[in-house]
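Got two chains here, separate frames each, mind docking them using the hints?
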Amino acid sequence: MNIRFLLNGETITLEKARPEETLLDLLREDRGLCGTKEGCNEGDCGACTVIVIDENSVKPLNACILLLGQVHGKAVRTIEGVGVDGKLHPIQDAIIKNHGSQCGFCTPGIIMSLVAAQMNNEKDHDVALAGNLCRCTGYAPIIRAAEVAQQVVLPEWLIFDREKLVSCAILPSLEQPKSSDDIAALLVKSPKTRLIAGATDIGLWLTKEFRDISPFTFLNQANDLTKIEEMEVDYKIGAMVNIEDLRLWAASVSPSYGELLRRYASIQIRYAATIGGNIANGSPIGDNPPALIAAGARIELRCGESRRTLPLEAFFIEYGKQDLRDGEFLESIFVPKDFENLCCYKISKRFDQDISAVCGCFNILVQEDRIVKARVAFGGMAATPKRATHIEEALIGRDWSLATIQSCENLWDKDFTPLSDIRASSAYRLKTAQNLLWRYYRESLGETCNVLEVSA
Amino acid sequence: MSFDATNSSKSFKSVGTRPLRPDGVDKVTGRARYGADFNMPGQLVARVLRSKHAHAKIKSIDTSRAETVKGVKAVVTAADLPDLTDGDPALFAVLDNCMARNKAMYDGHAIAAVAAIDEKAAKAALKLIAVDYEILPHVTDVDAATLPDAPVLNEAIFTQGVEPKSTRPSNIANRTEFGHGDVDVGFSHADSVVERSYKTEQTHQGYIEPHACVANCNPDGTAELWVCTQGHFVYRQVCADLLGIEVSKLRVTSSEIGGGFGGKTHVWTEPVALALSRKANRPVKLVMSRDEVFRASGPTSATSIDVKIGANKDGIITAATATLRYTSGPYADMWAELGAMTSFACYDLENVKTVGLEVIVNRPKVAAYRAPSAPMAAFAVESAIDELAQKIGMNPVDFRIQNVASEGTQSSYGPIYGPIGIGPTLEAAKAHPHMSAPLGKNQGRGMACGFWFNFGGQTCTDLNISADGTVTIAVGTVDVGGSRASLSLIAAEELGLSYDNIKAVVADTSTLGYNDMTDGSRGTFSTSMATISAARNAIEIMRHRAALMWDIPLGDVYWEDGHAHAAGTKHGNLAPLSVKDIAAEAGKTGGPIAGHSELVADGAGVSFATHICDIDVDPETGSSRVVRYTVIQDAGKAVHPSYVEGQYQGGAAQGIGWALNEEYIYGEDGRLQNPGFLDYRIPVCSDLPMIDTQILEIPNPKHPYGVRGVGETSIVPPLAAIANAVSNAVGVRMTHIPVSPPRILAALTDAKD
Ligand SMILES: Cc1cc2nc3c(=O)[nH]c(=O)nc-3n(C[C@H](O)[C@H](O)[C@H](O)COP(=O)(O)OP(=O)(O)OC[C@H]3O[C@@H](n4cnc5c(N)ncnc54)[C@H](O)[C@@H]3O)c2cc1C
Ligand code: FES
Ligand code: FES
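Line order of the protein sequences matches chains Y and E.
Heads up: the first sequence at position 285 corresponds to 285 in this note's numbering, and the numbers run straight through without jumps.
So the mapping is simple: this note's numbering equals the position in the second sequence, first residue as 1, plus 456.
Excised from the complex, chain E in its bound form (with noise of 0.2 Å):
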């Protein structure tokens, strides 16, 4: 691991070390409690009914011989979530992915569902329930679903953003579009051409965990609910909403969280957890199988891809496009916008056009999986701008710092940077020993970039002092990757307090003010902002405390290094008060000290990143094995390094299970093939070598400590680096991930022949 830090010039004193995890005891006891770990009294087992078929129509369900089963004490149907969403398109898709009202429209697609005793007589019911179906034609392939001919899954979705307007349903839901300047001119001028196609199968976010709540509706309207999610006051908000709770009055839980990586940051069966309470008049306990957890969560997109790039014989790109079809599952959404903006990210391009087409198939609601879409767009403009390099006899990394953005470019997908890391990633990629190291026999090696927004958003923050003068930080973000530990280093530098001093935890949706959920890299960055700013409104209490305590003006009261120092020598050298001996006196002075803060945290810096993969591949079997791997990543100010490491390192180990062997397999019916983790592929520990770290440490300019969300932009290299990685090797571009063994056979066979 290595840790460049020349970047920076701020000194911290907690900042930036490695204690550690508050949550570590409590996670290799096994007494962290997670969704399933949670138990009400007199709780049912609720279990649901699943369409086998890609697309049908429900002429008819029958329930009634399913609630005869003795212990059954309620079952649902579509028709127990009446349509409380009015209007709202995006709001009706998650209630009908919840409960499917008119159509199955995938495989796994949920029908009904039971609430019972136990699981036996759960089960038994479910295989009661008479469903009537009209099975109707399926797509589940991305090309296939834009093709004249493919049956078109919802007659109401015309495609948005096309001129003159589309009069015919289509399985295009959208079209968007970014870029300046003429690519045609832009392609007059170049030398070099590259055009291809590429492909990238669906993956999902592969959390150990599956979904699990507890849900439980009181008769007077209030309602709680104990559940693994990465934004419980957004489950909150919809799972409100869908039921016509209100908001106030349902609380909501987030339990520890065995991983969700975007995956948690949708309601699946949580709704319906609520509404089987509320028939029931009971707590329901509601469990996903591996098998649900594939078939009827949320995935990724599908993609095919399309991308031209020109460039001159100096080396200029002088033109770029793409053209990004993405599956959203059933409804219309915008993973495919977000691949149109993040494509060329990295580059500082005269012309540049991308075209985001979002397409609708029968397979599940696609959901977020870090850096949503990214990852996909990336592995398609890194494939070709490799492939450009070696056209025009340039190294790869000379061709793409000749390329990169900087702080004034403007972004293919609009704004203009601000300071970023591209730049000094590349840099540090050439230098890095990694580089220039010996490849052996049938090794390749390949590199790529990748970018990801960082979001911020909505958060609300509470800093309490005790009466002993340990503080406890109650933050809204749900701890995915270490947060707690990063916000208590935060609250000790800011307080001047030293980390064993401060507790953070996760209140629940009733106890704090609203937050948006931890994605987009938003937990440390956003939370941050505000408990710096708490922190802040503390010490500002804290002083007046001291004053009085002092019987000294409020102006003659600074703060320093967790201390109120009196100002000057006009007071007689007063020794300077601890936050322990303000805090001992609080009861005297005013009462409990606390610092609050609610913000819209604005100026999450854009975060890049380049890696390195070296890669062995057997030409006899296609198999293939990561032998060497880098990561070299932008995070603005590294909190709590270890945790950036980790991040860094899983987002990099989930790119190469993608990129290897990870996919959703489709069989003619329409039916998923692998719902399972013995055949859907993520790496075990002999699929990776010790994935190596450079922390790069640019910092965000909007953030007082230069933070920038580090926890996706990991993922969004992989693909593009191994791809290349073994094209090198066998000689074969590859253009479809994953390059499993058998489609890099495949290739190397076509190739022969």
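Only chain Y is shown next, with the shape it has when bound in the complex (with noise of 0.2 Å):
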């Protein structure tokens, strides 16, 4: 497979590659370009952050679980390119001034993080942040030195970047699907090959468990498959959407699942992961799906032609067992527009970047005092992304009160028996889910619970 993508400027092509080495082994090996580090090769620490862009957007991405078959038609920035002529960019200047770096492994990183925030006009610096682990300065003057680089004007190399994508016409390679059309095609052709979409677990199978993953294809070009559309009664989101595009459309529909995907991983890691992925890996802890079982999502699996539908939640079948047969993907995710009630509540160790030990997500409609739709869902509570059926029927027809959530207090463990593992134990994750009730309630009451943490 050839690829080519602009490496700081300068057009690579690379024939015979294996589109499913990393970008950071093609940088750090073949490039020479070391600057980009490698602090854990698992997409935690952020030393390895490049800046990708193509025609409409400027990412941030951890190049350690970024395959070459991802930057194919893009434009890569790593740390050697963001200065011109030999100047620094500004950010780079506002670190060393404001003693920004102590050991410095990090600061490559974190400068490709503040540089892309500039450059997409993000001003929270704990969001730009969120995937950059630096041990040595407790962030403080890394942060001064961003809001002192804030008022920055974009780099040139932006334009020059998009105007030589255009001009050197790197167009999309023939062998990648290009459509959700192409993809059915393949899958009918060749039923076993594995789809690739944002890789933030696939890249770790390359990187960690050296598993062969062919045959495969990479998704990303399939364009159609990145569109949120309004619908008459849903909104259907493409498989292809990445996290960080879909929380900036949750954010618009439901303050609490926008808030819910800001605390999902980092904004490295949203940029690359995409909804389909995080459905059709099928994680007991993923946390869109009990957001989206909470809202009544359905899923659209095509295989060929034909399509079906089903309840997000009836494709979880088991542990490691999806309902998704040879042939057949995952195209959308209809989301019923009635759902502004749901609330979403992350319970992990660390604010950001971490795993949800619990995901409770609450959807519960009164009227006239009754409850008259309940739909609870929880991730991590069980093997699969899971609805509280004992609880829902528990609730629905009852009055909206503290006597009916009382009674709700017996029933969690009908509904769950959740295990205990590194990030919680089994008695913690259900006095939590019974707690986050009780939270919905009295913030349904208009109580606000003081701590940021929870109230996701």
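No lab work stands behind these hints: they were computed from the structure.
Treat the hints with care, since some could be wrong.
List of simulated lysine-lysine pairs, DSSO-like, C-alpha gap at most 30 Å [said to hold, decoys possible]:
no.	chain 1	residue 1	chain 2	residue 2
1	Y	123	E	508
2	E	508	Y	321
3	E	469	Y	97
4	Y	208	E	513
5	Y	227	Y	164
6	Y	16	E	526
7	Y	16	E	583
If you want it as structure tokens, here you go:
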């Protein structure tokens, strides 16, 4: 497979490239660009952050789990390519002047994240830096540098790279599907093809487990799957919508869901990971499934020209087993529009960049003091994302009162027998699940709960 | 940031200013070369096979199939690292830890290693190494390891330091005791006593750069090692000893270091890389993965500590005791001893006794982590101090001030203190606006004090004056926190030059005399002493040269403000000669001008800090957030105040992570469950407030400028400060670090039941 992309403004053509090789390995081992660091090789530390540009986005991404097939046709900037003509980028300068670099190992990644944030007008440093670990500074001098650098103008190379992308006509590779029709056709022909979406899971299979994933293909050129459309009763979300785009949309329709997604990993991971991958991997601790199940989402699976839809919860059969047949792929997610009451709570040890111990989502509709609809779904409480059916039953038809909430107290262990693992004990999970219903109730009465951590 | 210099008297020109760091541009452009950024022509890639068993006898290792993999150039096991340690148990532990000899002692213990032309071949070969293990019972918990029914991990370990001599092998490797007075008498005078047991979990330094090196052994017996380390001279000595290389034939170059915090004071894979290179006769690059860093470098001890403190109703502590159990991994060490020494160092006590017990467990070999062993002891003691203050109805600051150590106090670990900063930091805390700021609902405030010894050690510096009058200093202490800038300031101060005229480099082991490593907060302290003395030696030479240039007696030349001056008026008001003037003539007046110094930097002044912390706790989920944090610490003299602040903030940030979330979690099977940054939770940006700092300067009389080390003490108080704040917020005493959300919720639930 031929891979072409811009690297710090120069066209790179790789003949017979291994598209499953990571960009980080290419940069460090083949190109001698050692400014991009490897701190973990698993998307956790951000030392490898690079900027990837295409015609309508500027994304900070983790090069350690970014595969060459995913950068084909894009422009990549590394720390070596952010200053122009021997001059430092203003953020580089601000880091020096504010003593924001101690050992300096995190510094290139931090700078790339801040440059991207500035280009995207992201002013919240906690958001911009959630994916960058610094062990030396305690972050204060880095934030000071970021504040100083906020007024910076867009770098010249953004326009340069975009123009060059067009003029050197880096075309989508012929071998990659360019639409959902292509994907469908490919899967009919070779149903065993592994679909690579954002590679935030698959990247780890490659770098940590050294799995052979062939045959495989990349979905990131299928632009028709990256849309969110408003239909009559539903929103239709393409499987290749990345979590950051999903977050921006979610924030506009359900602040609570939006806030949940703000706490999904880090911005680097959110820009890579897709909603399709987050559902298709069947993880019991993915953050989107409980929210979408509570919202009443249905998914559409496609095989060739035939499509079937099913409620999202029905997709998850058991741990590691989803209702996905050979030759089939997840094409779209339909979310009913009436989920204003959706409230999502993510419980994790750390506020940002942490996997949920428990993710609880409530969508309860009360009319004239009666509960007319109750959809309650949890992640982290069972082997799959799961509805709390006993709780739902106990709520529907009752009045929205203290007594009703109390009557649920003993039902939780009918719905869930959570595991104890490194993230939390079974008892902790059950206890917090119970407490979350209380919190939802109190919040519905207008009480604000003062700790930011949980009001995701 | 505030900066209080009221205690220092000497005035400075360069020292105390905040110039930009010389390594800044390299670091922000990605040009700084770290361990993994160096390559040699023809180098091989090495990978290590590690035990998945916590405790197992290695019955046999068969590497024959691995050796046949295409591209594999060498496979080594313990057999390739013969025991040359000559009965030195500490060195033997290092050797056995590098490559397991008879038994795998923990999950992650190295068993064999492969060097191949690429990673793929190396990985393939690892899979083909057949190891026949006999699984043995294991123990990872500090308390469980001391129980009578615990498996004995090393039959050759008998508890040292007990009378009568121990006759049965034990997992308690040694017992140490410190203190003075009679604690029984002291407790009999107490009106209130607090007695509690505390636990802390094992943590890792968490530097973002994994260990990396390139080793090259030549057939003529010479060798080179490029490595990220806090002490290349020490690595050279240890590697030379383990491999039987003459010390001067092994040249070690330290790379830029991406964090160490103590974890890069010890060799892990470097001897293995050298052994592979020797066997393959090619350069070998060995980079640890993050998983390996967690499983097989050197984390802290896990601890279990019992404290008892009594006070009379006037708030005077009448007696204090502590028994401290520290894990050291599979080998005997001295971590509990350090804990026992530091426990009560902040206080002036009439009767005090501490006992340290070093506990052997199936976990990685413990290494230093910033003020090693002190944070856990401080957590236990400062928690009990807080509780006792409450019990006798005193405010925690006043109670501490009442009992604080000062100049002339006999410390709990022996020595009599000189001028020290604990009292001033407490007074500053009392006066700090943070102390009296109002708290919100579900918030609590905590405070705690901390101590660290600091260290001096062997140091050697060269100072060379170039023909244009600019200066290079070649130092042997690795720059971990900005010491190249600080040392340049020192040289500038001493020579009367500007900071821009000085360039500091870290010299390799072949170009400078031996230096201890950068640990014990010694980098700036000790190397500044050597730099001052080197500069003074160079000044002596420049006075000679000036005398020659002027043709006047040496005694008539004095040095001031970067110039040689001719004394008095008898030489006809000669214009002073600058360094530049003298350097320009050096070729004619006797050749290059240099100053050299080698010394043992004695008199590292002890260091103290007081921290204040506000925390917000959610009673329904147990999650918490640090909302305000203040560090007050004595620096002796802050050479570069921004870097001093950087050390204060960095140490506090690490302590906050340790206090709230970081922990090694072992499964029943003795395997580490969370060897990655996603599940070993170090703080991200949103976890920390802008940590505020206040620098006090109580000059260290043993240093020409009053400098004390500043790098470590700031990690000591946070565990206790946070635990005290959480305890105050939830009304339940937290006795187990980290106080993670599940532990807080469990404490709340227990308290309700
Ligand atoms: C550092 C880090 C932090 C993380 N934090 C979080 C977090 O906070 N919350 C959370 O929920 N997750 C988190 N994750 C997990 C991860 O982001 C998700 O699982 C992610 O959504 C997977 O999406 P992807 O597009 O990257 O999938 P990929 O890795 O590309 O694929 C995952 C799986 O889905 C399949 N697949 C992808 N798309 C389709 C499709 N359209 N049809 C059928 N099959 C498909 C693939 O074949 C593969 O089996 C984290 C991951 C990392 C590395
Ligand atoms: S190396 Fe840590 S995120 Fe990529
Ligand atoms: S400066 Fe060392 S990790 Fe950030």
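Inset, instruction - List, from low to high, the hint numbers that the structure doesn't satisfy. - result: Going through the list in order, the structure violates hint 1 alone and respects the others.
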